[in-house]
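Chain R: place on chain C using the hints.
There are 2 protein chains.
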Amino acid sequence: MRLAVGMGLFRGAGTLLSIFPRSLAAAASARSQALVYERHGEPVQVLQLKDLERAELGHSGVHVKMLAAPINPADINMIQGTYAILSDLPAVGGNEGVGQVVEVGSHVTSMKPGDWVIPADAGLGTWRTSAVFSEETLVKVPRDIPLLSAATLSVNPCTAYRMLTDFETLAPGDSIIQNAANSGVGQAVIQIAAALGLKTINVIRDRPNLQEVVDRLKSLGADHVITEEMLRKPGMKDLFKKVPKPRLALNCVGGKSTTEMLRHIQHKGTMVTYGGMAKQPVTVPVSAFIFKDVKLCGFWMTQWKKEQTQNKDRFTGMILTLCNLIHKGQLTAPACTEVPLKDYRIALEASMKPFISTKQILIM
Amino acid sequence: MRLAVGMGLFRGAGTLLSIFPRSLAAAASARSQALVYERHGEPVQVLQLKDLERAELGHSGVHVKMLAAPINPADINMIQGTYAILSDLPAVGGNEGVGQVVEVGSHVTSMKPGDWVIPADAGLGTWRTSAVFSEETLVKVPRDIPLLSAATLSVNPCTAYRMLTDFETLAPGDSIIQNAANSGVGQAVIQIAAALGLKTINVIRDRPNLQEVVDRLKSLGADHVITEEMLRKPGMKDLFKKVPKPRLALNCVGGKSTTEMLRHIQHKGTMVTYGGMAKQPVTVPVSAFIFKDVKLCGFWMTQWKKEQTQNKDRFTGMILTLCNLIHKGQLTAPACTEVPLKDYRIALEASMKPFISTKQILIM
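Chains as they are written, first to last, in numbering that gives the first Met the number 0: chain C, 0 to 363; chain R, 0 to 363.
Some clues are possibly wrong.
Copies of the same chain are indistinguishable here, so a pair counts whether it falls within one copy or spans any two.
Stated by the list, open to error - Derived DSS-like pairs: lysine-lysine, alpha-carbon spacing no greater than 30 Å straight-line:
hint, residue 1, residue 2
1, Lys-278, Lys-294
2, Lys-139, Lys-304
3, Lys-278, Lys-267
4, Lys-236, Lys-352
5, Lys-311, Lys-341
6, Lys-305, Lys-240
7, Lys-255, Lys-278
8, Lys-111, Lys-236
9, Lys-304, Lys-111
10, Lys-305, Lys-236
11, Lys-341, Lys-139
12, Lys-244, Lys-305
Just so you know, these hints were derived from the structure itself, not from any lab.
This is chain C alone, in the form it adopts within the complex:
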């Protein structure tokens, strides 16, 4: 399974996997169950739970028993065929998750049986019971963090961490603003920012259970939670009597929400766009560039990981930093619903409902 990217070929891991059974007579222990799609389309229609033969271990292979893997929006879009990177078909769904090492090839040095591992890169195909991956596509994580934290560590908390540290040099007491604050990344931003001593202004859409969501985000460490409607009102002035104007804005929405956030950013501040939930472009008044000197850029964890493939030290360093926050209780997994792999249709349908408040996790 190689992944074809919009901008070129993408290094996948699945070349080690022969996706269709070589022989029905193969030993049961060399087989795995996987959610496979042979064409793009709606996930519930195109995904099938199939019995696959695992690839040979070889010298640099790592046989991993998958433990848990979330359903993320990017997984859905990859299956639909609308994402910026797409797997060659047939492909196994899922890009994130945690597994336990069962056996390693003779050349493998960075992990051993019993270790927990997560994907170092997108496109691994994590929705399966087991697989042989090559060593460089995996990163070891401590085994003493909760399973659901490990399963949801490699995308959202990493995205949040990089966006909080790579674009502006922030000091305790500085503030940041973000929309889609209830998303997986949004919740990680709240927690990591709180651990760094940063104040967060969190924008969410109005919704039936608004107070419940506000309370939950505040319990995670959110300093201020406001609706998109409040963001547009003059009352924002009062907010900025309590908290400094943000140096950094994190945008996962686009459209009006983005333009409104920009209005409140500090002179010379930065907005990082990492999603476009509103399916509308980012619109910036020319004066914000010229007279306010704002910078706008983007972030995509998949691209960042790709750029670390020659040297995973930054990645493993970040994972250890995040696990340290998890140990200290400063970073928790999002609210999750655990669903057995065989019930994947229920999980897929739940993951695609609007205003979902829990992440669907496939348990293998």
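Just chain R now, kept in the frame of chain C:
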């Protein structure tokens, strides 16, 4: 004359100037003629040529006889009251120009009588026959460059130079794209880029005398000149067989022009916005940020200069670099129409016509 800025107070030079005659009996040599406005409005209506008394020379004053001063769009907007910095009223119009030092105060060390000087900062009020300015508001320029080059050096060529050097590290053979390529900045970009060995793709509006403008820009060193319409067409693919995709885009327009330029920028490229002639915002697809990793920022020469007030070395270094290009014939003044100060109404009216192709220069 202090300048009130949108974001705070702006250091002006005019505090040394008492703008109204102290006495009609004052010596003729201590007087000057100046284009003064007492209220904001249309320049031809609110500007008046007045007889003013010059301020005292003092220890750090520099008595300057103005030689030539252009009419720039920002000058017009300041008088209209629509610009981001506005002078306290009454004020003298004009922010750019060249003058000759007549006399210096006893503490002045960086310039002497006979030197040519240009403003180090916006808000000097250059549309007058003479004035006493303080030393730190001026920068010396070599006297062996053409008068019109000196008069038009401190805004457009400086803007072009900074945008070409401060945002991307470009090497000979790299390309840049710019819209409004026929503007003052645009023409400076073409020439400085050519001197640096950069290829330029220059976008201009369609117009009656299109071929004439194309020829002129090519004579300045433009590699490719295209219209806004051509920018939107599939034929752009052929252009990029001849020239690499640009790492840097310079935007003075906004709206569709900007979005179209962004489509052609390289992965991880930068767009710098320095004007908004279309009076429309900059609209960026979310995917350009996330998957193409483009950066958008702004540039404003006035702000840059303000940030150099403690140390003018970078400014004077840039001026010498640009004068070196002028000496070598690689940077020429834009097409200019010289108009005596007393005929300022004619010059103002000409400067506000659409598709103006010459810059109006007041000659004192």
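Task: Hints violated by the structure (numbers, ascending) - done: Violated hints (numbers, rising): 4, 5, 8; every other hint is consistent with the structure.
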